[in-house]
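Sequence order for the protein chains is A and B. For any residue, its number in our numbering is found by taking its place in the first sequence, counting from 1, and adding 49. For any residue, its number in our numbering is found by taking its place in the second sequence, counting from 1, and adding 11.
Treat each hint with caution, since some may be false.
Pairs of lysine-lysine residues, derived as DSS-like cross-links and limited to a Cα-Cα distance of at most 25 Å, are as follows [what the hints assert, rightly or not]:
#1 A:511 x B:94
#2 B:159 x A:252
#3 B:94 x A:499
#4 A:335 x B:159
#5 B:159 x A:334
#6 B:159 x A:511
#7 A:249 x B:159
#8 A:410 x A:295
#9 A:169 x B:159
#10 B:159 x A:254
Examples of chain A residues lying across from chain B (beta carbon under 10 Å, computed) [unchecked claim]:
#11 263
#12 477
#13 493
No wet-lab data here; the hints were simulated from the structure. All C-beta atoms, glycine included, are put in the ideal place defined by N, C-alpha and C.
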Amino acid sequence: MTGIHPPGGSLARRTLLKAGAGGLGLAALADLAACSQDGGGSSKSLKMLYFGEQAQATELQNRLQPQIAKLDATIKFEISAINGTDWNDFLAKVLTQIAAGTPPDIISVATEGLQLMASKELAVPLDDYVTKDLDALKEYFADIHPALVESMMYQGHLWELPDSFNAGNMFYSTELFQRAGVVPPSADWTLDDFEAAATKIAKFKGINAFGWVVRLWGSWTSFMYANNANLLEEGKYDGGDWLWNKAYAGDAAATGRKGGWKWGAPTANSEATVEALNYMIELTKKGLSPSPDVGGGGTLQGLFASNRIGMSIGGGFWAGGLTNAGMKNGSFDVTMFPKWKSQRHLFGAGGYAIFKSSKKKDLAWEVLKLLVKPETFDLVFPGNVTTPGRKSLVTAARYAKTGPKHWSVFYDTLTKHPDTAPIPAPPYYNALATALNQRTTQAISSGNAKAALDGLQSDLEKAAGAS
Amino acid sequence: MAAVTAEIREAVVKRRGHPSSHGEARFGFAMIGLSVLFVAVFTAIPIVASLGLSFFSWDVISTPEYVGLKNYQRLFTDGPVLKSFGVTLGMALAIVVLQLTIGLGLAVLVNQRKLVWVRTLFRTTFYLPLLASTAAVSIFMGYLFDYKFGVVNYYLSLLGIPNVPWLTSGFGAAATIVLIAVWQQIGFTFVLFVASLMSVPTDVLEAAQIDGAGAMRTLFRIKIPLISPTILFAAVVALINAMQLFDQPYIMTKGGPGSATTTVTISMYQKGFQNLEFGYGSAIAIVLLAAILVITGLQFLAARKLVFYQ
Chain A
50 MTGIHPPGGS LARRTLLKAG AGGLGLAALA DLAACSQDGG GSSKSLKMLY
100 FGEQAQATEL QNRLQPQIAK LDATIKFEIS AINGTDWNDF LAKVLTQIAA
150 GTPPDIISVA TEGLQLMASK ELAVPLDDYV TKDLDALKEY FADIHPALVE
200 SMMYQGHLWE LPDSFNAGNM FYSTELFQRA GVVPPSADWT LDDFEAAATK
250 IAKFKGINAF GWVVRLWGSW TSFMYANNAN LLEEGKYDGG DWLWNKAYAG
300 DAAATGRKGG WKWGAPTANS EATVEALNYM IELTKKGLSP SPDVGGGGTL
350 QGLFASNRIG MSIGGGFWAG GLTNAGMKNG SFDVTMFPKW KSQRHLFGAG
400 GYAIFKSSKK KDLAWEVLKL LVKPETFDLV FPGNVTTPGR KSLVTAARYA
450 KTGPKHWSVF YDTLTKHPDT APIPAPPYYN ALATALNQRT TQAISSGNAK
500 AALDGLQSDL EKAAGAS
Chain B
12 MAAVTAEIRE AVVKRRGHPS SHGEARFGFA MIGLSVLFVA VFTAIPIVAS
62 LGLSFFSWDV ISTPEYVGLK NYQRLFTDGP VLKSFGVTLG MALAIVVLQL
112 TIGLGLAVLV NQRKLVWVRT LFRTTFYLPL LASTAAVSIF MGYLFDYKFG
162 VVNYYLSLLG IPNVPWLTSG FGAAATIVLI AVWQQIGFTF VLFVASLMSV
212 PTDVLEAAQI DGAGAMRTLF RIKIPLISPT ILFAAVVALI NAMQLFDQPY
262 IMTKGGPGSA TTTVTISMYQ KGFQNLEFGY GSAIAIVLLA AILVITGLQF
312 LAARKLVFYQ
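Could you build all of it, start to finish, from the sequences and the hints given here?
Here it is, written out as structure tokens:
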């Protein structure tokens, strides 16, 4: 693990002296900020950071407070929302808040930020807590797919308890499919089937057959995964046996699981990766897909909800998102991502970690266990805005109101496609995401995937080197 | 003149002796102090802090590490960042030229209207975009200029014109952002020019008319030279603003496609807040500040020959 200097250490002081007056003043401020990370909220409050709107966070806080009070009647549970367009934005704001000297006790972090957080030792490994409470947690691990748990591991340690995930499945408008005379796709459909359906739908004026967004999760990267390619070399850290042998003993899905994903050297300009991006360029040239937006996907979801897009990549969060955008149950459905060289999907998971600076780590651990209980899930995520990490929660009853009809696809992605893997989010995820966005738009506008991905390769090599 | 000066001096001397003068002085210093405090807290200290930070490597989380001039050395060999300086300069020049020429043209046209309410109406209309939030305008314009679903391309298609890649081609995105920035900022230069043109002495204009000067000759030989200090001011302010262009490209294109609209401030944001290289981001900010100072200095040097002070 990468070590960091202790805040306010003597080495830091010596180096600061070299900076001169201006730098000294500033660095002292920075040092103070770093020192104040020891705070971790006031002694009578337990602070959690949440990706979303403050109104939702306050509602969640009020809903959970009675349960937290049962753990410690003197503690006030405070959830601060951080708004952002995507996880990249969220992480940047979280780190700014840490720099400002107001670190939380608990943080909700997705796959995107896990390795950054772990490599900087912002959180504490949960190994000891899990080992201590393994009996109580056996029910939890029996309900959570090991792929999700493994995605929350780094260098052999478990950093978060996952509670949710989203795999990159394919959503489609049942109405547009029907109008175009396209048979709803089966779970084992192929890329040729996808393109044939897209060609028929594209004949309608003002309709785009396939819409997508420039980002790491569920973008052209889904095609890249199905083409058995990636932006970085895939590997796994050793370790994790302490968990697999005890919590998942005898579970075939846990076979081969190790100590977390190890993202190696960049492979952004490999033949298969270039082929995947070229495929997207061809889709655009053929008029089957518009030039994509960059960012969170709100516009894409709106266009899909207004029946102007036939197909798009979405996860379980689209069920609630499309319903909230006004789509009726039955007007959309979901299936697996089409098979290319494989039908490998990508996914991102969400969960909770305990901040290293927290002075109430034991209480925070109790809250973490509370947050991953089945009955808490709908308090945290009302209205199908993500996919439950617990298989027992992915039920027909859950999707009865919102749809989609083939809701079982969400969890089947993990169980029926065991090669499904998390998005490549190394400790330098932020730099990777920025470069990926730039190089993707470059490729789409220039029509030259190879040149853009050569550039991405160079960007990633620099970022990996700096990291 | 000497008599007046003596009177003032006498009044000041008398005033100094007045018991309330010390209280007034304190009040004056307090008021000035507030301004100084404001500038110090929100301008001077952040600049000094940023300068200091530019000599460090700091990722927010770890303790800052002194790296001397490394951030600056890196900047001058960092192709994408250097390109962002070029992109910024190009877009800024286009914005300033368009903002000044269109603003002046509109001001001249409006100034010829004799009815006060007409002038007021135009002034208000052209100034309104400036009052709108740049972020809101950028989001709105992003929808308007969307390649596939945008209203602009929809109406063009009714005229038989194929969809224009306003924001999805390199040149298109830069040009669209420039036009939107000009549209939003033009109210500022327009109002300045209208006010300045109204202050041109009528006797000078009448003399030109008697000498037989036409409208164009009067504009270029009389009006523009007389309002040249205002033009200089508008040019300096417009260039400083344009060099810090961020909201429109960040919201509408995220600096793309590729890096076609990645301005220096976007580079700075990406390095600092997204890649957590706050020292490097600060170095970019300091070099941008220096660039703006140099360009502004050049503007003032050029003004010595081009600006006419009455």
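*Could you work out which earlier hints the structure fails to respect and list their numbers in ascending sequence?*
Checked against the structure, the hints that fail are numbers 6 and 9, while the rest are satisfied.
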